[in-house]
Every structure is written in C-alpha cells, then in structure tokens.
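Q: Sequence:
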Amino acid sequence: MDYASFNVQVKQFERLMLLSKEGCDGMELKHITIDEQTFEFNVGETILEVATKNKIYIPTLCNLTDLEPYGGCRLCIVRVLDSRKPFQTACSTPCESNMKIITKDKELQEMRREVLQLILSEHPNGCLVCAHNVLCEDLKADDKMKSGRVFGCFSCHNKDICELRNVVEYLEIDEVAYDFEYKNLPLEREDPFFDRDYNLCILCGRCVRTCEERGISAINFMHRGHEIKISTGGDVPHIDSNCIFCGSCVDVCPTGALSSKATKWVKKGNNQTKSVCSFCSVQCGFLYYTIDEELMESIPSTQDRVNKGKACVLGRFCTPAFVNHSTRLKYPMKRVQNTLIPTKWNDIYKAINQKLSQYKPEEIGFVISPDLSNESAFLFQKFAEKVIKTPNVALSTNFIPLLGQHDKSFDAIPDSQWILLLNANIQLTHPVLLIRLKQAKDKGAKIVSVNIGDVSLPDESRNLFDFELNLPIQDATSLLLTMLGAQNKLLLRDLGLKMDEHVLEKHKLTQFVDMRRYQNGTVLMGNFVKLPPSYLNNLQKLILTLASEGESKINCIGLWDRGNLNGVTKFITKPFSEIETKITSGEIKVLYTTERIENTPLDKLEYLIVQDMFPSELSEKADIVLPVASFTEQSGHIT
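If you're matching positions, the sequence shown starts at 245 in the numbering used here and goes up one per residue.
Calculated from the structure, these hints are not laboratory results.
Mixed in with the good hints, there may be bad ones.
As the list claims (entries may be wrong) - Using C-beta positions, here's what the derived DEER-type ranges look like:
(1) HIS881 x ASP655: 14 to 22 angstroms
(2) LYS630 x GLN598: 18 to 26 angstroms
(3) GLN353 x LYS687: 33 to 41 angstroms
(4) LYS687 x ASP326: 32 to 40 angstroms
(5) PHE395 x GLU354: 22 to 30 angstroms
(6) GLU340 x MET466: 36 to 44 angstroms
(7) THR883 x GLU822: 22 to 30 angstroms
(8) ASN714 x LYS594: 54 to 62 angstroms
(9) ASN464 x LYS814: 23 to 31 angstroms
(10) LYS687 x ASP423: 41 to 49 angstroms
Yeah, the Cβ is synthetic: ideal placement off N, Cα and C, and Gly gets one too.
Using the sequences provided together with the hints, build the complete structure.
A: Written out as structure tokens, the structure is:
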C-alpha cells in the first residue's frame with residue numbers, strides 16, 4: 245500500500261470516528277472558519293465539501309462528489325491552523341468544530357505549483373504555459389485544428405472544458421521546471437463509442453474509481469513507476485473485457501484522454517434540454533444537446549436524483565443514433581393499390597375518419613404502447629371512450645404492473661438489510677441500479693438472487709450475491725413468500741397461491757432464517773413474461789398486501805423493460821389477451837396500434853392502422869402508417 249492510500253484510509257477512519265462519537269447528534273450544525281469566514285457544517289463533511297458549498301475554490305483534479313475521497317492529486321492541500329499536521333488534503337479531511345483553514349497563501353500555492361509541474365511533465369504543456377495563449381487564434385479556433393494525436397491545447401477537442409487547464413490558470417503557471425517526456429502510447433480507437441489517448445492521462449484515478457463504484461472494475465492501474473497507465477486486465481480491447489460502455493469514465497475525465505467517438509469534435513454550446521430517458525423503467529435524467537434542432541449528444545445529469553450522473557450504453561451513446569436514424573418514418577402513408585405512398589396529413593385524417601365511421605364501435609380496437617407518455621395514453625383512452633365509444637382499448641402486454649401502486653423508490657435500495665432479486669438480470673436490463681446494489685453490499689446487506697429455471701448471470705452481478713439459486717417456479721414463490729413472512733393461509737388460498745413452509749430446509753437454505761428477522765428489505769422483481777398473467781398478478785397482490793402490513797419496511801420494485809409501463813396502466817388497464825381474442829374471433833375488424841404486435845394472426849382484420857417510428861413487418865401489412873415522435877421530441881410525463 246502506498247502512502248497516499250494509507251493516508252486516505254486514516255482520514256476515512258477519522259471521519260467514521262467523528263460520526264460515531266456524535267451519535268444521535270450527527271446532524272448537529274457546528275462551525276468552521278475558512279479564509280476568515282465562518283460557516284456551519286454537518287458532522288462528517290470534509291473541508292472541500294464545506295468550501296465548495298460556500299463557493300470557495302480549492303483546486304482538485306482527482307475528487308468526485310459521489311465517491312469516497314481519494315487524495316491522489318494532492319492539489320487540494322490546505323493549511324490547518326493550530327494543528328500538529330498543518331498541511332492536509334481538503335478532500336479527505338473531515339471538518340472539526342472551530343477548525344481554522346487557510347486555502348490560499350504563498351506557501352500553499354508554491355506547493356501546488358510543484359505538484360502540478362510534475363503532472364505537466366508527462367502531459368503536453370506547451371499551450372498551457374504559453375504566454376500568448378489568451379490571444380492565440382489557433383487556441384480559439386473551434387474545429388480548424390482537428391488532430392488524431394494531440395500535442396497541445398490548440399488541437400485538443402476538450403480544450404473548452406479542460407479541468408487541468410483551469411487549474412493551471414488558477415495557479416498562474418508560466419513554465420515547467422521539469423523536462424517534458426511524451427509517453428508516446430498508441431491511440432486506442434478500436435472499440436465502439438469512445439476513443440482513448442492515454443498520452444493525455446494524468447493518472448487521477450477518476451475513471452478507475454467510478455468503474456469500480458458501478459461494480460464492473462473493467463479498468464485499473466497497470467504496471468508501476470514510470471510505466472504506470474490505465475488499462476483493462478491483460479491490456480485487451482474494452483470490447484473483449486467486461487466493460488459495459490456506460491460512459492462514466494468519459495464523463496469524469498478531467499482532460500481529453502477519453503472522448504466520445506460521435507461527438508468528439510462537436511461543440512456543445514448552451515443549447516441543452518433536461519429530460520428523462522424512457523428506454524427502461526429507471527427513467528434516468530439526461531441533458532440533451534442539440535444543434536439546429538438535431539440531437540447531438542445525451543449526457544447523464546449529475547443533478548438528477550435517480551441516476552446522479554450515471555447511465556447505460558443505450559442512454560449515453562445510442563440515443564442520438566436512434567433518434568436521427570435514416571430509416572425513420574417521416575411522413576404518413578396510405579395504401580393505394582397494394583402500395584404505401586406518402587400522403588398529406590389532412591388527407592390521412594379524412595381517410596381514417598371515413599373508414600372508422602363505417603364500423604360499429606365494438607368492431608374497433610386500440611392497442612397502446614407502454615412507452616407512451618401519460619398524456620398520450622390519457623388522450624388515446626379518451627379518444628376511444630368518448631369519440632369512438634369503443635370498450636376495446638388494451639395494453640400491448642398481458643402484464644399489468646400492480647407494483648406501481650407501491651410507493652417506494654430506488655433510493656431505499658442502498659439502506660436495505662436484505663435484497664431479493666427475483667428473476668432479475670439487473671446488469672443487463674437496468675445497469676444503473678447495479679450501483680445501488682453495490683452500495684447496499686458495501687453496507688453489509690445480504691443479497692439473494694433467485695431465478696426461475698436455469699439462468700446464467702454476469703460475473704459482476706454474481707460477485708455481489710450471498711446466495712444464487714435456480715429454482716422451479718413453485719419453490720421460488722415459496723421462498724419469496726417466506727422472506728416476506730406470509731402467514732395468512734386464507735389470503736394465499738383466495739389468491740390461488742401455495743406456499744411450501746419447508747422450502748428453506750428442502751434446499752438447505754437455513755441461512756435465510758437469520759435474514760428474515762430484518763424488516764428493512766427490498767424485493768426486485770424482474771422478467772416474468774413466461775409466467776401465466778393471472779398467477780403473476782395474484783403474486784403481486786400478495787406482495788403489496790404483505791409490504792403494507794404492520795411495521796414492515798419492505799421495498800418492492802418492478803424492473804419493467806418498458807419506459808412508462810407504470811404510467812400508462814393508470815389509464816389503460818386491459819391486457820392484450822382481451823383484444824387478441826376478439827381479433828382472432830373476428831369481433832374486432834379495425835385495429836389502431838401504437839405497438840408492434842407479434843405472434844397474433846391479423847388476417848381477419850379488415851383495416852389496420854399502425855403508428856411507429858420505424859418501418860416493420862407490421863407496417864408493411866398496414867393500410868395506414870403514421871410516423872411518431874421519439875421521447876426526445878415530445879413533451880409529457882412518465883412515471
């Protein structure tokens with residue numbers, strides 16, 4: 245263990261001791277003086293946190309708000325008056341009552357300059373210390389100096405948001421006392437989504453730590469001394485490692501070492517819109533950057549309480565390609581002599597109105613996508629009920645998420661004492677939640693994964709599990725009910741559920757007995773598409789009943805694969821099976837669908853209206869095809 249790591253662990257221990265010493269008074273406000281200004285602080289806050297909160301700048305290159313202090317760059321060093329250790333790192337030193345701090349004086353600045361010059365000795369620094377960089381036209385140019393290999397700020401795509409450049413300006417460095425040595429490492433461009441130029445890397449460790457926080461640890465510090473660098477195990481390409489391409493490493497890099505392939509040379513500007521991604525039910529917050537009304541990049545919002553600056557590969561890198569894809573439907577089309585031809589909107593409306601008026605209300609059906617906004621689902625429901633006057637309005641799925649009625653949030657996961665994942669491959673379907681799962685594990689939570697049938701999960705997820713079981717459906721249900729403390733046999737009978745009271749002994753799982761005594765637990769329910777809908781709905785009803793009984797603090801979360809399934813089912817409650825039966829029997833003759841329907845015979849339909857973003861096999865069979873806006877192009881709410 246190096247001295248820096250040891251020092252950080254000591255600071256963390258001191259921080260924990262302060263918290264435990266305060267006990268119930270942990271939130272009591274105390275006072276600290278920073279640069280002759282007195283501020284209040286909560287026990288456990290670091291000097292850097294209090295300074296930042298009060299708009300006092302302390303330079304740092306390795307610190308990240310949501311990660312444990314690292315103390316690697318040593319630039320945040322401050323003077324602590326009347327202390328046996330006068331110089332301490334602000335990021336890892338917990339505040340103490342009546343502590344007096346100096347953040348900037350001649351000696352501190354000289355110490356920081358010395359540290360930064362060592363960093364700059366292995367980073368292209370000509371532009372950084374050039375006396376003419378303020379007036380340099382090359383440095384001001386937006387895209388004239390595109391370069392594969394960067395030798396100065398003038399050819400760096402990151403020059404406008406470079407944190408290293410900001411610290412150099414703050415410390416007023418105009419020369420580097422050490423000889424510059426270019427690392428001459430090969431550029432890494434073979435992987436999708438982002439490029440890597442480790443010649444610009446300052447070894448701050450942000451990327452390594454944020455990857456470890458996600459429970460992936462695809463990269464780490466490799467080699468020692470002068471040869472040290474960031475790399476994957478065995479120095480293999482990221483595509484061959486366990487990297488999930490979430491982009492967290494790119495988003496936290498303080499230099500231009502890591503960059504998004506698609507937007508490397510795109511100047512974002514200030515044209516951004518804060519919104520929510522609807523690719524899954526986590527509903528992460530994003531900042532969407534546009535140029536001339538075209539989506540260029542999606543960056544996770546650090547201010548969003550759900551994802552807190554984290555994302556998955558779909559939300560971070562794939563959204564612009566999805567929204568801007570060349571095959572998108574852009575015009576309404578009507579079938580004329582067996583061919584779909586573009587048609588004006590007014591003519592399309594007239595054709596739909598004319599056709600629907602020829603049928604009875606009960607002969608018309610609507611199938612609604614769980615990806616619609618609440619407002620769109622509400623309007624479809626009212627259009628069908630009030631205008632068409634048909635009762636045939638259903639979801640495109642047979643699964644109705646009753647757990648949406650259970651008002652619990654993802655924020656409860658890290659503080660859970662036990663977590664049960666039921667048929668949930670969280671790393672594949674909801675990777676952002678893997679962070680919360682790891683936080684719970686770090687706090688001592690017992691995590692159990694139960695899958696119905698033979699299921700293989702990724703190693704990164706399995707490393708978090710205390711138990712991993714593949715069970716038949718009846719035993720998996722019995723285990724769930726046992727964990728929830730289901731004792732009401734009359735309720736079980738009414739819902740048509742059976743519970744094997746000896747399931748723990750049957751599978752030699754007596755360790756679960758100790759877990760049941762903890763009331764603060766979380767159940768994450770995953771993919772149950774293959775289960776009978778009636779069975780699953782009854783199981784959800786029981787979970788809701790048990791979760792709301794007594795003083796239990798059971799957090800039940802459905803990991804649905806559709807972005808607004810919970811929201812849409814507030815307006816549309818019929819399962820697709822009801823519509824499917826009427827289509828097959830010929831009762832429904834006209835169908836308007838906003839979802840692709842598979843494995844359902846549509847030959848008995850006389851008229852088909854399809855609303856979609858892209859052409860499909862279903863749209864090729866349609867009489868009317870309507871283009872639809874993506875979630876980034878419309879306003880509304882998802883819940």
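Q: For each hint, tell me whether it holds in the structure or not.
A: Against the structure, the hints come out as follows:
no.	hint	verdict
1	HIS881 x ASP655: 14 to 22 angstroms	holds (20 angstroms)
2	LYS630 x GLN598: 18 to 26 angstroms	holds (20 angstroms)
3	GLN353 x LYS687: 33 to 41 angstroms	holds (40 angstroms)
4	LYS687 x ASP326: 32 to 40 angstroms	holds (35 angstroms)
5	PHE395 x GLU354: 22 to 30 angstroms	holds (28 angstroms)
6	GLU340 x MET466: 36 to 44 angstroms	holds (38 angstroms)
7	THR883 x GLU822: 22 to 30 angstroms	holds (24 angstroms)
8	ASN714 x LYS594: 54 to 62 angstroms	holds (57 angstroms)
9	ASN464 x LYS814: 23 to 31 angstroms	violated (46 angstroms)
10	LYS687 x ASP423: 41 to 49 angstroms	holds (47 angstroms)
Consistency note: the structure conflicts with earlier hint 9 alone.
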